[in-house]
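Participant: Fit chain F to the known structure of chain C by using the hints.
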Amino acid sequence: AQSVTQLDSQVPVFEEAPVELRCNYSSSVSVYLFWYVQYPNQGLQLLLKYLSGSTLVESINGFEAEFNKSQTSFHLRKPSVHISDTAEYFCAVRSNNNDMRFGAGTRLTVKP
Amino acid sequence: DAGVTQSPTHLIKTRGQQVTLRCSPKSGHDTVSWYQQALGQGPQFIFQYYEEEERQRGNFPDRFSGHQFPNYSSELNVNALLLGDSALYLCASSIPGQGTETQYFGPGTRLLVL
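Line by line, the protein sequences are chains C and F. Each residue of the first sequence is one higher than the last, beginning at 1 in this note's numbering. Each residue of the second sequence is one higher than the last, beginning at 1001 in this note's numbering.
No lab work stands behind these hints, which were simulated from the structure alone. A quick note: this is a predicted structure, and the numbers were derived from the prediction, not measured. Virtual Cβ for every residue (Gly too), placed ideally from N, Cα, C. Treat the hints with care, as some may be off.
To be verified - Ranges between beta-carbon positions, derived for each pair:
| no. | chain 1 | residue 1 | chain 2 | residue 2 | range |
| --- | --- | --- | --- | --- | --- |
| 1 | F | R1015 | C | E58 | 46 to 54 Å |
| 2 | C | Q71 | F | S1065 | 39 to 47 Å |
| 3 | C | A104 | F | A1080 | 21 to 29 Å |
| 4 | C | S27 | F | Q1041 | 17 to 25 Å |
| 5 | C | N61 | F | G1003 | 12 to 20 Å |
| 6 | C | V29 | F | R1055 | 13 to 21 Å |
| 7 | C | K69 | F | S1007 | 40 to 48 Å |
| 8 | C | A17 | F | R1015 | 44 to 52 Å |
| 9 | C | P40 | F | T1102 | 21 to 29 Å |
| 10 | C | N41 | F | G1097 | 27 to 35 Å |
| 11 | F | Q1056 | C | E16 | 37 to 45 Å |
| 12 | F | A1080 | C | S52 | 41 to 49 Å |
Bound conformation, chain C alone (with noise of 0.2 Å):
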């Protein structure tokens, strides 16, 4: 089965600033990754996902998370954050079989 760990609880950074959330996963089949966004009293949208092909995915916003097979990674980066980005972000990892399995959270917040 596979698990998702997000290393860090909380990342409190400054606006304008780079950040990177950090994400982890364990598998024994081939997976899919995903980034998911919650903002305060709202679901989760997707970020981006990372299927197959190039390792770096990129979303609309300005993130992007690079795919690292050897390390077992999906890392989150923006080179430069802004307050609305202040949210809560969840690593999520899929197989074939569709069981969706998400890690425990990163609280992002922005200080201006």
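Facilitator: Only chain F this time, still in chain C's reference frame:
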């Protein structure tokens, strides 16, 4: 195009009671998954419905049951509520796939068990 909708938004129940939560999938989607998100944790998969059948189930007791209707909407039923069932219940819809399809989440129903 309406996204995934859930009702009610909030619910308060007492231990031992039963609850029914409802979900309408995004237009064009026929697969519905349910998740439980306890406070401070990530969502945990409860089960998935496709063609009115439970296709897959997570590690939840039989007190959790569901149903999918011909219009693809779905219900989650929880019997004999426990304090530990207090959580945000999320519904997600998608098209059928082998794991690559995107799941679209509703805003959730927040259940409080007293």
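Participant: Could you work out which of the previously given hints the structure breaks and list their numbers from low to high?
Facilitator: none
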